[in-house]
Amino acid sequence: MSFIDHYREVFGVESICRVLAGHGLKIAPSTYYAAKARPVSARAVRDARLKTQISDVWRADFEVYGGDCRKLEAERERRERGPALVHHEGGPGPAC
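Residues 29 to 124 in my numbering are what the sequence shown lists, from first letter to last.
No lab work stands behind these hints: they were computed from the structure.
Each hint should be verified, as a subset may be incorrect.
To be verified - 27 Å max Cα-Cα, derived BS3-like pairs, lysine-lysine: (1) Lys79 / Lys99; (2) Lys79 / Lys64; (3) Lys64 / Lys54.
What you are looking at is a predicted structure, and each value in this text was computed from that prediction instead of being measured.
Produce the entire structure from the sequences given, and follow the hints as far as they go.
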């Protein structure tokens, strides 16, 4: 999705989809437009909020949590008694 977003002004969505299909990644232009029109899911909103909280905890504690994500998650839960999140997306902070 982000690849098409990045290059669509230069090449157009239809052309990009045609080239991608030629390389085995079949995506119809209508699929791209439908995905862009969908509202953001509750899961995506929650993940963004938690990702920010986890990064804040990591930075506030001098970025010392390293690879032990249990400590990082325990600290985040202490700060906000919310449910645990299995970190499934890359970004700033440790990769859990």
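Going down the list of hints, with the structure as the test:
1. Lys79 / Lys99: Answer holds: Lys79 to Lys99 is near 15 Å, not above 27 Å.
2. Lys79 / Lys64: Between Lys79 and Lys64 the Cα gap is close to 22 Å, so the pair holds against 27 Å.
3. Lys64 / Lys54: holds (17 Å)
Consistency with the previously given hints is maintained throughout, with no hint failing.
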